[in-house]
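**Student:** Residues per chain are reported as follows:
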Amino acid sequence: MGKVKKRGVAGQAKNYITRTQAVKKLQISLPDFRKLCIWKGIYPREPRNKKKVSKSATASTTFYYTKDIQYLLHEPLLAKFRDQKVLEKKISKALGRGDVSDAARFERHAARPEKTGKPRYTLNHVIRERYPTFADALRDLDDCLSMLFLFANLPSTSAVPAKMIARCERLCLEFQHYLIVSHSLRKSFLSIKGIYYQANIQGEDILWLVPYKFNQRIVGDIDFRIMGTFVEFYMTLLGFVNYRLYTSVGLKYPPKFDQLKDDQGGELGAFALEGINLATDAEATKAITNGESTEQHGPDPKVQAEVDKIVRQLKEDDTNGDKPAEADVAGDAEEAEVPSDAIDKFEPVAAGGDILPQPSYSSSDPAKLFSNFTFYLSRETPRQPLEFILRAFGCKRIGWDSVLGDGSFTTDESDPSITHQIVDRPVVQAAMEAGGDGEDNQTAQKLGPNARYPGRIYVQPQWVWDCVNDEEIKSPENYAPGAALPPHLSPFVKSKEGQYDPTLPLDAQETEAEALDAEIADGDEEEAGSDNDMDVASDNEDEDDDFGGFSGEEDEEDEEDEEEASDEDEEAATTLQRQRELEAEISGKQVKSKQVDPKMKAKLEARKELEKKAKEEAEDLERAKGMLSKKKRKLFEQMQYTNKKKSTEDEKLRAKRRKLEKELAAKKAGKA
Amino acid sequence: MGSKSIDKKRKAPPQVSESESENELADGAFDGVLSQSDDEEFEPIDTEDEEEDEDESAAGSDGSDDEDDDALLSDDIPSDVDDEDAIGKLLTQTEELEIEEPGVDPKRKTDGDEDRNYRIETDANGNERYVYEEIDPVYDSDDSDAQGPVNTIGDIPLSFYDSYPHIGYDINGKKIMRPATGDALQNLLDSIELPKGWTGLTDINTGNPLNLSEEELDLVRRVQMGLNTDDLVDPYPDTVEYFTSIEEKMPLSSAPEPKRRFLPSKNEAKQVMKLVRAIREGRILPYKPPEEREREEEEKEEVHFDLWQNEEPQEANPMHIPAPKLPPPGYDLSYNPPEEYLPTKEEREAWEKTDPEEREKEYLPQKYNALRKVPGYGVLVKERFERCMDLYLAPRIRKNRLNIDPNSLLPKLPSPSELKPFPTVTQTIFRGHEGRVRSVAIDPSGTTLASGGDDGTVRVWELLTGRQVWSVKLSSDEPVYTVRWRPNKDSFILSAAAGEDIFLMIPTCASVTPALDQASRDILAAGFGYATNGQQHGAQPGKEPPAKWARPGTKLEDEGVLIRITVRSSVKVINWHRRGDHFTTVSPSGQRSSVAIHTLSKHMTQIPFRKLSGLAQTAAFHPLRPLFFVATQRTIRCYDLQKLELVKVLQPGAKWVSSFDIHPGGDNLIAGSYDKRLLWHDLDLSARPYKTMRFHGEAIRTVKFHRGGLPLFADASDDGTLQIFHGKVPSDQLENPTIVPVKMLKGHKVVNKLGVLDLDWHPREPWCVSAGADGTVRLWM
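Protein chains in written order, with full-length UniProt numbering: chain A, 1 to 672; chain B, 1 to 781.
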């Protein structure tokens, strides 16, 4: 007789451990366990069979791998947690004794990260463990960046002290500096949640979300301790990533940080990047040089500004063709590193080989997209994202209104070197006439609300984003102030076969049946229109609409109820005819159906045929499905369900678009 | 006191062993002495008050003692003390004591007589003989310190002996008598002047007051104070200098000073180096005021270095599942999306109505015509938080998505067009029945159709034209559950069941020639003579016959209904044997007699089953062999009619079989069930179904094979549809039958959750008729 097997001593029962058991085993408190799990990247597992794992497991029991927990047992952080616990105990004991001085002494030893923002431990080893290579770290940077950018915009709480938030902000700005220097930002998207950015660092696509600069509302019960734990980890991670990135482009990390500039709202400008080799050389400092005028402009009196302007104008004329001098300094430094990046073209020498997809630069170099432009940001535009994105795409000179903070190339709106001005304000109607062409640039600083400086392009902020995403300078007419903007599309969507794509025309993607439907509906309308040419258009239009709606409903019913026999289609056709006749009678016209009929009839017939075919197919499907086993049928139905859901969504979108297009056409026709 | 006792010893040397009496004596004398001396010093009148007080207090503290005292006193001393007349008694007592003192104690005198330590006996010779009492050798008799009487009562309180004259027993078991404690006055006197060595304690062994000598008291005091018990020990002796502190002029050794005295210590150097290293490494910090240190600590930057300097790619743990990235934003998330992405009013309302947790998307697409109008996103922090929670709390499972075309799962079925002919459309609709049509049947010649319904009528129609040719109302309240034709072409007999009655009738219609009519009548009438005989023979008198065969009455007979068979409970199913002489009826509610076999030629009814396991649903004869099938709720049983034994039990696996039909070839069977399943059984193979088909949304009511040689079968369901299957049974035994669903016939309306109740095939053509709950019969072809 075989040995009786005991339950819960081998197999799955040994592989899994519940959270309570894990906490007990590690002898730490639950919050500490949580921290450890977050940092070490240990997450619960779902056993295949809960009953086999634990006798008393409920639905909400979380399981961990026993091996994972064992691995935690050797964690040096665990000792730190225990030490801290002991210290806390000592403090509370001293306080209990009334021994304040003792408690104070212990308190001095205690790490109070919630006050100082600095814990006693470092997470370096954890990061190295979790990300054995730099590429691994980059792969996981999405959440890190989203989190840190969010926290850079959050008010401080007890779990997330102000210092931590300041550090988040600095780390984020440093990271942005790297992106600017390396021109690795690829795409950006203005969403309702915030601004999405996508960068490509060492072949790794990183996507993160930066909220708009508003006070974030904190709704629901959000545990900031958990968030704080994540932020702590992410800060360390980004610090090391930044270091690696900076050194990889030959910069020193951390960059020099100018507290004063930061206090004045310098943001990106508060950092001065230094090369590693030329650390001592003051001139090599690659601060965000906002043209040469940064230093001169701020403190200068008006006269000086005027003189400068003239001088610059002259200079501008000289260097108009090529890049400005300052840009060259930075550019040279980069060019020195660039050559290795050049891509060799693999030309097939002999015929017959397979053709492989080849790596290629995008058609335009992101470093040069805006490099020849000087931007001026109106005070209503969001400066931070614009500054960042413009710089990342090669713009060297950006000016803005002084209310937007320090560090601009110029705060003078009338600066003639400005080529593009980004405006986000409505056109004031009354001022339209007044501020027309008559007033020219000879007038003073103050211009009318709609007045424009000649020789520069006024665009709305979306222009920048659309340019960046399409990697080309878009024509600015669609983006003029006050103009209705073209839709802003997400650059991250990869179009799939059969999926709705708003960039393509409707005809290219609708199904046969839809197209036919639409044509029939159109035909009806046209017909009706031609019928009622001489009649009052308005009262008949309603009827048309009704009619169109009716036919549509009929179609839907047909699709749903397959029991309706084909003769009912004929019925529908006859009713259609009858209706037409009735309409004609009402309007006192002759029945014109004879003339239009052949076309329409063909279409209707085609439609009928399609429907018949669809019905047959459905029937076949039903028959075949019945022969499947239960398991397979379930699987099949599930697949069908998701597919159908997607396709109906797309269908809905197409229908909406068709309607919109029709309306638009009607409007145009009306105008014409 | 000491001297006194010594005196006593001297006086009575032989009484050493008799400690009890001696003690008593001594105490008595002692008391007397004390009291006397007291008397001498104080005047009795002065003491009166105090005495009273004392007495009262004594009475208060140990009232019981008083009584004992009284008893004792009455024994030893004639005087008695009563609480009431304490003073008088006291006075008398003192007098007595005074009297007693000068002379010898009367007791003592008697003691002197009695206390001779020998008895005088006469020995054998008649001489006087002194018999001395046995002297017991006291073990410690040598020990002068030894106390005479040692109380052996142990650890029990003395108060247990309060009611006795003794206070315990000595080592010899002799009673230790209670010493005379003085009376109240004496106590008073005692308290007034404390005798030397008075402690106020009582010796537990003797019961006497415990007095301690000067030395003893001193000893006690020393012990109490923690001093040396010996007086002579000097606690602070002068120190004796063993080693002199004065350096001697001459060294003891002439060895030169060793070198190490002049060298720095290596050990110390080690210690110092330790400290130095600690300082260098920053483990020991030079002192700084705490504020300064804190400030410095705060200023300290985080140290960064190239963490991945010597990175080496590790293969990821196969069990590790990296967290999935968040999906990138789509078009609808844009601040300025294409307009078709904007929700319509209904969609918006629907979104707002649903619970936030159940929403498919947590946002609604919005369109802002300028960037400045975009507001902050309210739930961004929450979203991030949820992501965090997912990262650390959500169990991760790797799910393999099947990336296949769903259509590849479907089996390749032959196209129905290849399997023609089969019915596809409604050819005729027979209207006329009020209420449901329960049953339909096409006659063996295939020209007429009979139907029975809830209105209690049986109607006969022309199959192709749909004209009603004959109708009879069998019952006013019972529905006609079933109609079946006799399967032979030589007759035109229709059977129908309404309630408990089974009617056999010959409808009159154009297709019936008089000859056929007559033949049919003959067949029906043949049994009448036999029946009476048979019944007389077969049925035991007194026992109710299973069925009554009778004529239904003139009115019905005129219509063509010729025989009425009344059974015990209402009949739901009739099935004919292929020869047309027997038919079986099933009445599911009729327990024992639920299945009956009727013989037409003999007008005889038999009940084949004494007992049936489960409710009988339907029964049928095998089309070729003498087998009989009965379906109960779960099983279908097959009986051999010749051998009268159970041949086979089929288990379709359905919860409730509604009907079954046997393939005309005889080797296959289909069963329909109320739990929506259609089951194909191969009778030669297993008891389990060969194929299970679930095409219906509702219960299946009837299943039927085509009998005219076409490989078709159909089922009718409550969902209002009929399904036609191509079911070809190959002639080769080894091949499996091919079953292909070919057509779903829709047309009947569902009334009260009932759809199609019955169906029948045309005997030759690929046509079928169906009876619907909507009151119509449809012919499909």
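I should point out that these hints are in silico values taken from the structure, not numbers from a laboratory. Ideal Cβ positions, reconstructed from N, Cα and C, are used throughout, including at glycine. Do not take every clue at face value.
To be verified - Which stretches of chain B does chain A cover? Using the computed rule of at least three CB atoms under 8 angstroms from a CB of chain A, they are:
{"#": "1", "region": "371 to 378"}
{"#": "2", "region": "396 to 403"}
As the list claims (entries may be wrong) - Selected chain B positions facing chain A (Cβ under 10 angstroms, derived; list incomplete):
{"#": "3", "residue": "P209"}
{"#": "4", "residue": "L210"}
{"#": "5", "residue": "K300"}
{"#": "6", "residue": "P416"}
{"#": "7", "residue": "M744"}
**Student:** Run the structure past the numbered hints and jot down the numbers of the failing ones, going up.
**Tutor:** 3 and 4
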